[in-house]
Each structure stands twice: as structure tokens, then as C-alpha cells.
Amino acid sequence: AQSVTQLDSQVPVFEEAPVELRCNYSSSVSVYLFWYVQYPNQGLQLLLKYLSGSTLVKGINGFEAEFNKSQTSFHLRKPSVHISDTAEYFCAVSDQSFGNEKLTFGTGTRLTIIP
Amino acid sequence: KAGVTQTPRYLIKTRGQQVTLSCSPISGHRSVSWYQQTPGQGLQFLFEYFSETQRNKGNFPGRFSGRQFSNSRSEMNVSTLELGDSALYLCASSLGDRWLNTEAFFGQGTRLTVV
Chain A
20 AQSVTQLDSQ
30 VPVFEEAPVE
40 LRCNYSSSVS
50 VYLFWYVQYP
60 NQGLQLLLKY
70 LSGSTLVKGI
80 NGFEAEFNKS
90 QTSFHLRKPS
100 VHISDTAEYF
110 CAVSDQSFGN
120 EKLTFGTGTR
130 LTIIP
Chain B
4 KAGVTQTPRY
14 LIKTRGQQVT
24 LSCSPISGHR
34 SVSWYQQTPG
44 QGLQFLFEYF
54 SETQRNKGNF
64 PGRFSGRQFS
74 NSRSEMNVST
84 LELGDSALYL
94 CASSLGDRWL
104 NTEAFFGQGT
114 RLTVV
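Each protein sequence line maps, in turn, to chains A and B.
So the number in my numbering is just where the residue sits in the first sequence, counting from 1, plus 19.
So the number in my numbering is just where the residue sits in the second sequence, counting from 1, plus 3.
Since the hints were made in silico from the structure, they are not lab data.
Do not rely on the hints blindly, as some may be mistaken.
Unchecked claim - DEER-style ranges, computed between Cβ atoms:
id, chain 1, residue 1, chain 2, residue 2, range
1, A, G72, B, Q20, 23 to 31 Å
2, A, S22, B, S68, 23 to 31 Å
3, A, S28, B, F63, 21 to 29 Å
4, A, N60, B, F72, 42 to 50 Å
5, A, S89, B, Q21, 25 to 33 Å
Where is the CB? At the ideal position from N, CA and C, for every residue including glycine.
Isolated chain B, as found in the complex (with noise of 0.2 Å):
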């Protein structure tokens, strides 16, 4: 089946716009979490969708958002980017239930760098 796919691959914007980035789940799971990865802080989570609610959220200022649409797409979008943005932007998704005992599969990332 196809995994996790996220678009674009690679992105590069000019510091204050705004940019979206899109994760599309393998089919059948309902849970896509988002997480930064950057040299000095590592990889950190964003934020957790589930069934179009959020549902887990880390330490991000509000600047970064997302959503998921009801076929469990999702998108995550960043306003007024700063430099510090700059960083591969990794997509999970899961079924969503842990009593299934499921795990994350992870999209190739999207590479973003604000110039």
C-alpha cells in the first residue's frame, strides 16, 4: 500500500510569507502528527490531528497551524516565517488507536528554507 506522502519535497520562501505544507496519510489511518526537525533542536512535535480535531499539541507559537480534512489529509501552514523555520518538516500517521498497538510511519519530509 502506499505510504506516507508529503508535498512539496522541497520548498524555499522569503522571510514574513506564509507557506502550507500537505501530508497525505496511508489509507485507513485517521491520526497525522507533525513534527520539526532541525540540527540544533532535534525533532520536536508540533501538533496531532485526529478525526479532523486536534488532539495533541506541543510548544509552537502560534504562527504554526493545521488541519485535516475528513479523508484524513492534512495540512500544516506557518504565517510571517522567520528564519528559525527553516528545517525538514516531518509528517506521521497512524490509526489512532493505541489499544491497537499501532505505530507512526513517517512521510520523506518536506525541506523548508527561509531566505
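Here chain A stands alone, though its shape is the one from the complex (with noise of 0.2 Å):
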């Protein structure tokens, strides 16, 4: 079985500035992993993938990820947010195993952008 942490249900930050969202998995099986956006009454839009390969991952809208296996970790990271970039955000984990779609789902980062 898998899990996600999430460290911050909430995180504030000046519009420009950048910004890292951390994740923290736990598994026993080899995983792929996922960064997750949702925009208020919609569904989720994927930002990211780590799937094999180069650690550091880029994604749409300028955000960018690193899986490091050792601490378990795909933190989320953008140099400069913009407003646009309000919005909640998801960690997700899949085993590798042929067959298996299900995502595990962090609790979710709520990014807020001050002007």
C-alpha cells in the first residue's frame, strides 16, 4: 500500500516570488509519480509526471519537480508565481504494477497567490 504527505494544507506567497510545495510518499513497491492542479469547480489537471529517468521533471505552466528516492520526496517548485497560479494542488502515487490505475492522493496544497 501507499500513502502521501502533504506537509502544508496552505500556503501563502507574494505574487512573483517562488515557490515549493512538498511531498512525501511511502511505499513498498516501486512507484510513478504525480503534481495534480484543480481550479475552483473543476477537475484535476495534471502538471507532472515522474515515470522513469531524469529525477528532475517540467511540467505545463513553468512548475518543475524532483523525485529524490532517498528521502522519498517530489517536491513541487515554481521561480515565480503568478495570480493564475491560485488553486489546490495534489501529490499522487501509482505502483508500477501492470493493471494497477489506482492513484493515491495527498490531502491537497492550497496555494494562494497575494497581489
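Two chains, two frames, some hints: make the complex.
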């Protein structure tokens, strides 16, 4: 079984400042890692994913994340945020076994951009 | 191409009733997963269907059921509704073949309110 911990439930950041949203996971098997964003009254949109290869993953909207296997972390970063980045961000994992599409989500981090 | 379509977007039901939610996946996708999102429990996996068969199941009572049709469209049914079933129900579709490095695409969800 897997679990995901998002350490910050809310993160306020000034516009154009950098931000890091933290995610740690626990799993007894190898996993794939994802970050999703949810805008109000919307579904989830994939920001980026780590499947294999380079541990630094670049996604949409200027976001990137780094997979750290030894620390079981997958923190999300953006060097300069905009008002439009205000949303809830979810870290998720799924195990690598064939036929397992189940995503296990963290509790989410609400990112608020302060003008 | 068209995204994942969930209908209806909003639903109000009375305790004790039953409800059916519908999800049309992206064309060509054979896997449909369902998630429940609530403020208290976050995003929880309900079940996944692949080629008309339930392939994965979460930890929900038997009141929650689903099915998938030959065209990959899926329905989710909740019987004997309880107040605690009020939630945003999200559907996600994917190709279903992990080796193709697929990702899950989410619909906008159905907001169910039980009164």
C-alpha cells in the first residue's frame, strides 16, 4: 500500500516570488509520481509526472518537480508565481504494476498568491 | 479531441434514494476510474474498470457500484444514499496500458448533494 503526505495544507506566496510545495510518499514497491492542479469547481489537471529517467521533471505552466528516492520526496517548485496559479495542488502516486491504475492522493495544498 | 465528460454536473438527492452518475472517457481510452472527493477525506479511489471488467476496487461499501459498457462509457451507482455521500465524484480515463506510460485525464466531476 502507498501513502502520500503533503506537509502544508495552505501556502500563501507573494506574486512573482518562488514557491515549493512539499510531497513525501511511502511505498513498499516502485511508484510513479504525479502532481495535479485543481481550480475551483473543476476536475484535476496533470501538471507533471515522473515515470523513470531524469529525476528533474518539467511540467506545464512553468512548474517542475524533483524526485528524490532516498528521501522519498517529490517536491513541486516554480521560480515565479502568478495570480493565475491560485489553486489546490495534489501529489499522487501509483505503483508500477501492470493493470493498476489506482492513484493515491495526498490531502492537497492550497496555494494562494498575494498581489 | 474531446475530454472526459461527466453528467450531470450537479445533483441533489434525498437520503435513502439511489443515484447514477455517468462518465464518457476520451475516445480510445479503455480504463475508467472513479474517485470521491470530500473536504474531510480528500480524494479517495472508488474503483476502476477496464474493458468492461472491474480491475481495481477501493475501500467503499457495497452501496457503491459501477459498470462499464462496450464503448468504454462508465456509470457509477450509489444506493440508499446517506448524508455523508455528499461529495464531488470525479471520473478519470486512460488508455489502461501502463507500459505505454499513459496518464489519467479527469472530468469536471459531478457534485452530489444529499439532503
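* Hints the structure fails to honour -> The structure conflicts with hints 1, 4, 5, although it agrees with all the remaining ones.
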